[in-house]
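So that you can map any letter, position 11 of the sequence shown is 10 in numbering that gives the first Met the number 0, and since no number is skipped, the others follow by simple counting.
A few of these clues could be false.
Stated by the list, open to error - SDA-like, lysine to any residue: derived pairs with alpha carbons at most 20 Å apart:
(1) LYS89 <-> GLY130
(2) LYS74 <-> PRO51
(3) LYS107 <-> LYS138
(4) LYS143 <-> GLU173
(5) LYS138 <-> ALA124
(6) LYS138 <-> LEU148
(7) LYS143 <-> ALA124
(8) LYS89 <-> LYS143
As the list claims (entries may be wrong) - Label-pair distances were calculated between CB atoms; the ranges are:
(9) TYR99 <-> LYS143: 41 to 51 Å
(10) ALA134 <-> PHE155: 17 to 27 Å
(11) GLU136 <-> ILE63: 24 to 34 Å
Think of the hints as simulated: they come from the structure by calculation, not from any bench.
Even glycine gets a Cβ: it sits at the ideal position worked out from N, Cα and C.
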Amino acid sequence: MDSNVTRRDMLKGVGLAALTLGVAGIGGAEALAGHPPVIPKTSPSGECRLPPLPYAYDALEPVIDRQTVTIHHDKHHAGYVAGFNNALKKLSEARNSGDYGLIKHWSKELAFHGSGHVLHSLYWANMGAAGGEPAGELKTAMQKSFGGLDKFNAQFVAATAAVEASGWGVMAYEPYMGYLLIQQIEKHQDLALLGAI
């Protein structure tokens with residue numbers, strides 16, 4: 000690492016790393032998992048669309064039942080997509096009118112719904128009923144970062160269980176040092192759109 004890195008550069012890097020999501024995130028991390036980047040799709044009009052599940056609604060049983068998957072995908076995730084599109088529309092209206100009286104509100108709505116959309120998109124793309132153990136580069140990175148799969152699992156379960164209220168446990172790739180990290184994501188409406196770089 001360059002010894003002339005400023006405090007500002009380091010803070011920008013920490014923020015960027017915190018927003019680089021999961022093993023299937025955009026950037027170098029997808030190579031570790033063998034997944035293409037998960038990029039929420041937009042319609043020809045530019046609005047975000049709810050991505051279809053990459054498997055049947057009952058594919059995660061018995062771990063997650065069909066009804067739970069249906070509710071979380073068709074209601075919760077769809078709600079994040081609708082809220083994100085509405086926030087984009089309201090921010091466009093503010094730019095066109097020059098009235099920024101509700102900028103903080105719509106910025107929070109954008110962050111909350113956009114992050115919910117990104118997190119759910121990553122979640123669906125990384126779930127599978129078969130399970131299995133990591134291999135190749137992912138296994139090597141997990142050994143380097145956590146000391147192996149068992150230690151990763153123990154830390155991930157503990158960190159995720161400790162998230163206050165509703166939130167997420169996320170394994171993220173920190174590109175500056177080349178480490179995988181476990182992060183707790185709470186209050187994803189706090190003005191940062193997860194996944195944005």
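Now the hints, each set against the structure:
With a CA separation close to 42 Å, the supplied pair LYS89 and GLY130 exceeds the 20 Å bound. With a C-alpha separation of about 13 Å, the suggested pair LYS74 and PRO51 falls inside the 20 Å cut-off, and the hint holds. Proposed proximity of LYS107 and LYS138 is contradicted: the alpha carbons are some 37 Å apart, above 20 Å. Among the hinted pairs, LYS143 with GLU173 is consistent with the structure: their alpha-carbon atoms are about 13 Å apart, no more than 20 Å.
For the suggested pair LYS138 and ALA124, the alpha carbons sit about 19 Å apart, so the restraint of at most 20 Å is met. Using a Cα cut-off of 20 Å, the hinted pair LYS138 and LEU148 holds, with the two alpha carbons roughly 8 Å apart. Taking the CA atoms of LYS143 and ALA124, the gap is about 24 Å. The hint is violated against a cut of 20 Å. Proximity of LYS89 to LYS143 is assessed by CA-CA distance (about 45 Å); at most 20 Å being required, the pair is judged violated.
A hinted range of 41 to 51 Å holds for the C-beta pair TYR99 and LYS143, which are about 46 Å apart. Restraint check, ALA134 to PHE155: a C-beta distance of roughly 18 Å satisfies the suggested window 17 to 27 Å. Separation of GLU136 from ILE63 is about 28 Å and conforms to the stated range, judged on CB atoms against 24 to 34 Å.
Checked against the numbered hints given earlier, the structure breaks hints 1, 3, 7, 8 and satisfies all the rest.
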